[in-house]
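Enquirer: Taken in order, these protein sequences are the chains called A and B. The first sequence begins at 1 in the numbering used here and counts up one residue at a time. The second sequence begins at 1 in the numbering used here and counts up one residue at a time.
Keep in mind the hints are simulated off the structure, nothing from the lab. Some clues are possibly wrong.
To be verified - Taking lysine to any residue and the SDA-like style, the derived pairs with C-alpha atoms no more than 20 Å apart in a straight line are:
1. 187/A with 150/B
2. 223/A with 284/B
3. 187/B with 148/A
4. 187/B with 150/A
5. 82/B with 118/B
6. 229/B with 181/B
7. 229/B with 29/A
8. 187/A with 108/B
9. 82/A with 92/A
Stated by the list, open to error - Here are the simulated distance ranges between beta carbons:
10. 223/B with 136/A: 26 to 36 Å
11. 72/A with 132/B: 39 to 49 Å
12. 108/B with 281/A: 49 to 59 Å
13. 281/A with 166/B: 29 to 39 Å
14. 108/B with 230/A: 18 to 28 Å
15. 223/B with 121/A: 30 to 40 Å
16. 5/A with 227/B: 28 to 38 Å
17. 61/A with 204/B: 43 to 53 Å
18. 2/A with 208/B: 47 to 57 Å
For every residue, glycine included, the Cβ atom is placed at its ideal position computed from N, Cα and C.
Number of protein chains: 2
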Amino acid sequence: MAIKKLDELVQIATSRGVKKIVVAAAEDDHVLNAVSSAKKAGIVEPIFVGNTEKIKEIAKSESIDISGIRIVDEPNPAISAKRAVEFCVTGEAQILMKGLVATADLLRAVLNKETGLRTNDMLCHIGVFELPAYHKLLTITDAAQNIEPTFEEKVKIINSCVKCLNKLGIEKPKVAVLAPVEVVNPKIESTIQAAMLTQMNRRGQIKNCIIDGPLALDNIVSKEACSHKGIVTDVGGDADLIVCYNLDVGNAIYKSFSYLAGGTIAGNILGAKVPIVLTSRADSNRSKFMSIVLAATN
Amino acid sequence: MAIKKLDELVQIATSRGVKKIVVAAAEDDHVLNAVSSAKKAGIVEPIFVGNTEKIKEIAKSESIDISGIRIVDEPNPAISAKRAVEFCVTGEAQILMKGLVATADLLRAVLNKETGLRTNDMLCHIGVFELPAYHKLLTITDAAQNIEPTFEEKVKIINSCVKCLNKLGIEKPKVAVLAPVEVVNPKIESTIQAAMLTQMNRRGQIKNCIIDGPLALDNIVSKEACSHKGIVTDVGGDADLIVCYNLDVGNAIYKSFSYLAGGTIAGNILGAKVPIVLTSRADSNRSKFMSIVLAATN
Numbered sequence: 001m002a003i004k005k006l007d008e009l010v011q012i013a014t015s016r017g018v019k020k021i022v023v024a025a026a027e028d029d030h031v032l033n034a035v036s037s038a039k040k041a042g043i044v045e046p047i048f049v050g051n052t053e054k055i056k057e058i059a060k061s062e063s064i065d066i067s068g069i070r071i072v073d074e075p076n077p078a079i080s081a082k083r084a085v086e087f088c089v090t091g092e093a094q095i096l097m098k099g100l101v102a103t104a105d106l107l108r109a110v111l112n113k114e115t116g117l118r119t120n121d122m123l124c125h126i127g128v129f130e131l132p133a134y135h136k137l138l139t140i141t142d143a144a145q146n147i148e149p150t151f152e153e154k155v156k157i158i159n160s161c162v163k164c165l166n167k168l169g170i171e172k173p174k175v176a177v178l179a180p181v182e183v184v185n186p187k188i189e190s191t192i193q194a195a196m197l198t199q200m201n202r203r204g205q206i207k208n209c210i211i212d213g214p215l216a217l218d219n220i221v222s223k224e225a226c227s228h229k230g231i232v233t234d235v236g237g238d239a240d241l242i243v244c245y246n247l248d249v250g251n252a253i254y255k256s257f258s259y260l261a262g263g264t265i266a267g268n269i270l271g272a273k274v275p276i277v278l279t280s281r282a283d284s285n286r287s288k289f290m291s292i293v294l295a296a297t298n
Numbered sequence: 001m002a003i004k005k006l007d008e009l010v011q012i013a014t015s016r017g018v019k020k021i022v023v024a025a026a027e028d029d030h031v032l033n034a035v036s037s038a039k040k041a042g043i044v045e046p047i048f049v050g051n052t053e054k055i056k057e058i059a060k061s062e063s064i065d066i067s068g069i070r071i072v073d074e075p076n077p078a079i080s081a082k083r084a085v086e087f088c089v090t091g092e093a094q095i096l097m098k099g100l101v102a103t104a105d106l107l108r109a110v111l112n113k114e115t116g117l118r119t120n121d122m123l124c125h126i127g128v129f130e131l132p133a134y135h136k137l138l139t140i141t142d143a144a145q146n147i148e149p150t151f152e153e154k155v156k157i158i159n160s161c162v163k164c165l166n167k168l169g170i171e172k173p174k175v176a177v178l179a180p181v182e183v184v185n186p187k188i189e190s191t192i193q194a195a196m197l198t199q200m201n202r203r204g205q206i207k208n209c210i211i212d213g214p215l216a217l218d219n220i221v222s223k224e225a226c227s228h229k230g231i232v233t234d235v236g237g238d239a240d241l242i243v244c245y246n247l248d249v250g251n252a253i254y255k256s257f258s259y260l261a262g263g264t265i266a267g268n269i270l271g272a273k274v275p276i277v278l279t280s281r282a283d284s285n286r287s288k289f290m291s292i293v294l295a296a297t298n
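Work the whole structure out from these sequences, hints included.
Expert: Here it is, written out as structure tokens:
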């Protein structure tokens, strides 16, 4: 199944029932607005941890209805992050969201070996893009979390993202491993890794997807660019997921998609026991809302 | 002076007078068409080296007027490249263009220590983009030539690109050094290099431009994204040139600009005694024409 628009995620999320989302340091107008929209859409039921007084103030000035929502008073943001994580450990919440707390503090709580949300997977960022110039959703990893993942870590990242796409109903996501050229060149590490990942997929070492690479970005998004180069590929021109070599590449494409190609993104951190929503103030309202929706499909 | 559209380059090129362009292995319909357009616009006067018979055949079937154009018959593409380079060494031609010859063969002729076009500069690719979502031309380097330039090589690349932009009338190009974050992080090499390049510029070690980095791509193209992060910068939001860490990054952005952000590119190889036009078949006609125009402004 191909998903063309982010809006289609709303239906998938609602079909999963209402999820509990816990917000760490919820005293943030942008976050409260996004959570409120998702609540109205019947997708989530929030729990706010944070500075109760400030949360109520913001709700009032932004006309956000917070009646009936559980608020756990914890004015210290770092401790608020710990408390929010506890809700996910006990299963009382199925989604974790960052409010007005430093990302480092939130991730410290998530990664705590005893009280956190670690799994055997890597924490990684998935960015699901709706782009005017592409015929379906296009996902990229890793644009925000891992600076320079090792090869083994990259396999884990792919597995997490494939699992996420499988849950969206994309049974065999087409995974393109990005490189600057479409040929294997021993001088370009990204092309070496691409060949390895492709062959691991053929050998059944990475499942539930079709991997192909190296592919340059034009080959990934355009079948015509593939024919120009005579590339025979099931993935090129129809990719669901782009695997980037490192953060330099992933972040640059992410920003290019957002700021120059008119893209809207739904982003999550995967690899913990629950999906984590980590929006930034610069994200559009739709993007913040869609990030919550994406987490709710998992 | 800010240049908003690639079309403005035509006027700059014509103000420099008619340049001689020599085409290696000119028996290529796309190349002949582009050169013919540039000739009609009064920008270049061509010399064709290559398979005379095929050149005449193509000219006939494509209705290209080649009357009065000098043709040097050399059916072997690699030798044709050498002959074309000779025209540039002697000064008979001021622009070199690739026809139906392998890039490697052309560059071998260019880089030949005795008979080539080497200078003390690095060969590097400059890509000048017109983008619907940006308020002026946006240039990137290096998206096509150098896989993993060293820091010293990057300085040379910047100098070549700045020289090229200076010739377009952009007296002090704003040079953004791209990284995945806007802060210096000793774990991210691109941010280290960005800080070094910025400071070298302040110390007068790199001249005729204003360098700032590290900047993420959103900070480079959007002043609003800079204010969101509290970044004080003369370059952010108004960059003329983006310096990419390596080919993985440069090529990915280049393809993203071309295929998803609706960009049109004029591309040249700089750093040899003459600018080199090296278009690919997948480039649009406008892009091929503009690449010749860009070379003619130098």
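Enquirer: Each hint should be assessed against the structure and marked as holding or not.
Expert: Status of the hints after comparison with the structure:
Our distance criterion of 20 Å between C-alpha atoms is met by residue 187/A and residue 150/B, whose separation comes to about 14 Å. Our distance criterion of 20 Å between C-alpha atoms is met by residue 223/A and residue 284/B, whose separation comes to about 16 Å. Between residue 187/B and residue 148/A the alpha-carbon distance is near 9 Å, which keeps this suggested pair within the 20 Å criterion. A hinted pair counts as satisfied when its Cα atoms are at most 20 Å apart, and residue 187/B with residue 150/A qualifies at roughly 14 Å.
Of the pairs offered as hints, the one joining residue 82/B and residue 118/B holds, with about 13 Å between alpha carbons and a cut-off of 20 Å not exceeded. Using a Cα cut-off of 20 Å, the hinted pair residue 229/B and residue 181/B holds, with the two alpha carbons roughly 11 Å apart. The suggested pairing of residue 229/B with residue 29/A holds, with an alpha-carbon distance near 17 Å, which does not exceed 20 Å. Straight-line distance between C-alpha atoms of residue 187/A and residue 108/B comes to about 19 Å, which keeps the hinted pair within the 20 Å bound.
In summary, the hint linking residue 82/A to residue 92/A is supported, as the alpha carbons are separated by about 14 Å, within the 20 Å threshold. Restraint check, residue 223/B to residue 136/A: a C-beta distance of roughly 32 Å satisfies the suggested window 26 to 36 Å. Separation of residue 72/A from residue 132/B is about 47 Å and conforms to the stated range, judged on CB atoms against 39 to 49 Å. Against the hinted window of 49 to 59 Å, the Cβ-Cβ separation of residue 108/B and residue 281/A comes to about 52 Å, which satisfies the hint.
A beta carbon spacing of about 38 Å between residue 281/A and residue 166/B agrees with the range 29 to 39 Å that was offered as a hint. At roughly 23 Å, the beta-carbon separation of residue 108/B and residue 230/A lies within the given 18 to 28 Å, and the hint holds. Between residue 223/B and residue 121/A, the C-beta spacing of about 38 Å keeps the proposed range 30 to 40 Å intact. Judged by the Cβ atoms, the range 28 to 38 Å given for residue 5/A and residue 227/B holds: they are separated by roughly 31 Å.
A hinted range of 43 to 53 Å for the beta carbons of residue 61/A and residue 204/B is consistent with their spacing of about 51 Å. About 50 Å separates the C-beta atoms of residue 2/A and residue 208/B, a value consistent with the hinted range of 47 to 57 Å.
Comparing the model with each numbered hint stated earlier shows that all of them hold.
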